[in-house]
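Enquirer: Going line by line, the protein sequences match chains A and B.
Per the working numbering, residue 1 is the first one in the first sequence, and the count goes up by one each step.
Per the working numbering, residue 1001 is the first one in the second sequence, and the count goes up by one each step.
Don't take every hint at face value.
[To be verified] Every beta carbon over 10 Å from chain B, so not counted as near; a handful from chain A, in silico:
{"#": "1", "residue": "Leu27"}
{"#": "2", "residue": "Leu29"}
{"#": "3", "residue": "Leu36"}
{"#": "4", "residue": "Asp73"}
{"#": "5", "residue": "Leu75"}
{"#": "6", "residue": "His81"}
{"#": "7", "residue": "Ile89"}
{"#": "8", "residue": "Leu143"}
{"#": "9", "residue": "Thr152"}
{"#": "10", "residue": "Glu202"}
{"#": "11", "residue": "Tyr205"}
{"#": "12", "residue": "Arg217"}
{"#": "13", "residue": "Arg246"}
{"#": "14", "residue": "Asn252"}
[As the list claims (entries may be wrong)] Across the chosen pairs, the derived CB separations fall in these ranges:
{"#": "15", "chain 1": "B", "residue 1": "Thr1081", "chain 2": "A", "residue 2": "Ala191", "range": "26 to 36 Å"}
{"#": "16", "chain 1": "B", "residue 1": "Lys1132", "chain 2": "A", "residue 2": "Met18", "range": "35 to 45 Å"}
{"#": "17", "chain 1": "B", "residue 1": "Asn1326", "chain 2": "A", "residue 2": "Arg211", "range": "53 to 63 Å"}
{"#": "18", "chain 1": "A", "residue 1": "Arg216", "chain 2": "B", "residue 2": "Asp1094", "range": "41 to 51 Å"}
{"#": "19", "chain 1": "A", "residue 1": "Arg216", "chain 2": "B", "residue 2": "Asp1140", "range": "20 to 30 Å"}
{"#": "20", "chain 1": "B", "residue 1": "Lys1132", "chain 2": "A", "residue 2": "Arg11", "range": "54 to 64 Å"}
{"#": "21", "chain 1": "B", "residue 1": "Ser1160", "chain 2": "A", "residue 2": "Arg195", "range": "19 to 29 Å"}
{"#": "22", "chain 1": "B", "residue 1": "Gly1299", "chain 2": "A", "residue 2": "Gln117", "range": "48 to 58 Å"}
[What the hints assert, rightly or not] To spell it out: a stretch of chain B is covered by chain A in this simulated footprint if at least three of its residues, at any positions, have a beta carbon under 8 Å from a beta carbon of chain A; those stretches are:
{"#": "23", "stretch": "1093–1099"}
{"#": "24", "stretch": "1116–1127"}
If you are wondering where the hints come from, they were derived from the structure by calculation, not from laboratory data.
This one's a predicted model, so the numbers in the text were calculated from it and none came from an experiment.
Glycine included, each C-beta is placed from N, C-alpha and C at the ideal position.
Each chain, written out:
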Amino acid sequence: MADLSTTVAKRASRTRWMLLAPALIILVLAASGPLLITLVYSFLTPGDYGGVVWKFSTDGWFNVFAQRDIFDDTLGWSDAHLSILWRSIKLSLMTTLACLFFGVPTAYFIATRPKQQRDMWMLLIMIPFWTNLLIRTFAILELIRNEGTINTLLLWLGIIDAPIQMLYTEGSILLGMLYVYLPLMVLPVYASMERLDFSLVEAGYDLYATRFQVLRRVIMPLVKPGVIAGSILVFVPSLGAYVTPRVMGGGNQLMLGNLIELQFGQGRNWPLGAALSITLLVIVMVALIFYVRTAGKEDAHHG
Amino acid sequence: MFTGISAITAYCLDTGTGDTNLTTAIHARNLRKVYPGNPPVEALAGVDLEIGDNEFFTLLGPSGCGKTTMLRLIAGFEHPTGGTLEMFGKDLLDLPPYKRPINTVFQSYALFPHLTVAQNIAFGLEMLGKPKAEIKATVDEMMELVQMTAMADRQTSQISGGQQQRVALARALAPKPRVLLLDEPLSALDFKLRKEMQLELKRLQTETGITFIFVTHDQEEALTMSDRIAVMGGGSIRQIGSPRDIYDRPAERFVADFIGDTNFLPAQIKSVEGDVAQVLLASGKTVTAHLPEGVAREGAVTLAVRPEQASLTTSETGLLSGMIDNIVYFGTDTHVHMTLEDGTTFVLRQQNSADSTLEYEKGDRAAVRFGANVAQVLKD
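Okay, chain A solo, but in the shape it has when bound (with noise of 0.2 Å):
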């Protein structure tokens, strides 16, 4: 008997093995892979016209944190790439914050319509997400770029008589990003929100809680899985992100990941953006772990 059981039971987890092989194959071949190549071209020298030679080198990552002056040979900070690590963690902080600000409204309105009408206010929410990034992000600019819509309808009211500078400012990546990535905020939260047992926020009202304190007592501890996933799902790709910034930025509001692919390019230093990419790996998987293990405490604290 014990015999069958385990000829079973191991039979059941080669089924489990050979079902999982799939993804692992691609997993591994597609994420592990590139990664790792990534990791060995950082520490090579970069090659004349682009690509790697094959030289162990450090150069890479020396030069992702600190440069040479190229007059006196002193060894200083690099404060151009210091810079635009700040921004791109700048940015993309106030991108998950502004994609919470609107997020989690828009989520609670359509979590609160009638059954029958919130697969259209959904609908409504991930059409833009259906379209190309670079459409999208075209069509914003062609809203706001001087000779755009707001400028020429603002300008024809007679409300201001020089168009408004909107593009390429932070202010404008900021709204192109917000745009990107709101119903990557909207999604969760309404999931969340839309299990969330509407028993619950009256009982809270019964048991003489306020507007304000049902929210923060009663509605908050109970979407906060919803709004984390969403900071995530924000928050990591808006680190990385290039298209929008290059476009609504104009290329003189570099962000980490117009760096990278400047080196992989025009820069023609392979192992410089290698070096790069994995840092920002690094600050993203950071930025995880704090997430979860502040998450993690919580519901331990609860528990």
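Following the hints, complete the assembly by docking chain B onto the known chain A.
Expert: Coordinates of chain B only, in the frame set by chain A:
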């Protein structure tokens, strides 16, 4: 289940509600609620209701009769389309739910899943801004009251349905409301637990002196616990009275049909004297029946006779004769299904005892007999 009598007594003294039944706790006048839609749904069609202080009052009716709407209006979750609602003489309608000294035990319990048992019970007190020491004392007292002290730090998902029910009750009682609303709180419990909770709820109400407004569709639950019952149907109140009144003297066919089993017999009124009528049955025999106010005093009427109020007899001595279709044994009693001569069906219920045997069989001819003033003339 709640053996913590001392806790109950202490709680009772604490609330200091020495008022008698004479004060009105909740007073509704012509309360209406129409839900917009196509067509609009009239959930409450002008309800007048007075619920006394310290009363265990039940709103009883089938689903969709407006009983839950009534409860939600009192709690403040919804606003009426028309009418007034007062609590101890003060207008309630301008107050949001969090300013009404009323608490609710929800049908689904609605316990906060992110809080522990103790935190759930403390919630209302915290929102009222009570001092920490007082909150702790009251929460301890409440947990003792519902015997959940050992579970204080459990998540609400880690306790059984019956325990969740008791936590919901403790949470609603902790802020010491003047009125407690209970929305079918026992419907999710199994039969035995439900029986236990019925008695405990009744005891809790008597000893805390809080007005309980209980909503249910379970007539037995209503009959066991209530001081008074309002039977609702189609958005209005059909009859208000003590459980005995409602059961023995249903005012109309809807009430008689909803509460317990009832046989309906066609009849003609021959003569009336006060609230007693001489009624001519289909068989040509005459019987005295109770005639409530507001019922037609002449012509064709419907008589209601409870199955346990009738008995079987031979055709010559009975009031209505017919054929026995079926005899069903139910343990404590036996049900006899008959078809009377005019085609109406009639069910009798006879209590079983160790030495009793039914001397009739399926297919036999027999007659139905019931005493004077047992039958009730109904408003159709």
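Enquirer: None of the hints should be skipped; say for each whether it holds.
Expert: Going down the list of hints, with the structure as the test:
1. Leu27: Check passes; 34 Å lies beyond 10 Å.
2. Leu29: 41 Å, holds
3. Leu36: Leu36(A) is indeed farther than 10 Å from all Cβ atoms of chain B, at 42 Å.
4. Asp73: 60 Å, holds
5. Leu75: About 52 Å separates Leu75(A) from the closest Cβ of chain B, which puts it past 10 Å; holds.
6. His81: 43 Å, holds
7. Ile89: 31 Å, holds
8. Leu143: 38 Å, holds
9. Thr152: 43 Å, holds
10. Glu202: 5 Å, violated
11. Tyr205: 4 Å, violated
12. Arg217: Arg217(A) not clear of chain B: closest Cβ-Cβ about 8 Å, inside 10 Å.
13. Arg246: Consistent with the label, Arg246(A) stays out of reach of chain B, its closest Cβ about 43 Å off (over 10 Å).
14. Asn252: It holds; Asn252(A) is separated from chain B by about 47 Å at its closest Cβ, greater than 10 Å.
15. Thr1081(B) x Ala191(A): 26 to 36 Å: 35 Å, holds
16. Lys1132(B) x Met18(A): 35 to 45 Å: Given range 35 to 45 Å: violated, Cβ gap about 58 Å.
17. Asn1326(B) x Arg211(A): 53 to 63 Å: This hint holds: roughly 60 Å between Cβ atoms.
18. Arg216(A) x Asp1094(B): 41 to 51 Å: 25 Å, violated
19. Arg216(A) x Asp1140(B): 20 to 30 Å: Because 26 Å falls inside the window, the suggested range holds.
20. Lys1132(B) x Arg11(A): 54 to 64 Å: Since the Cβ atoms of Lys1132(B) and Arg11(A) sit about 59 Å apart, the hinted range of 54 to 64 Å holds.
21. Ser1160(B) x Arg195(A): 19 to 29 Å: 23 Å, holds
22. Gly1299(B) x Gln117(A): 48 to 58 Å: 53 Å, holds
23. 1093–1099: holds (count 4)
24. 1116–1127: Coverage by chain A holds here, the residue count being 4 at a Cβ distance below 8 Å.
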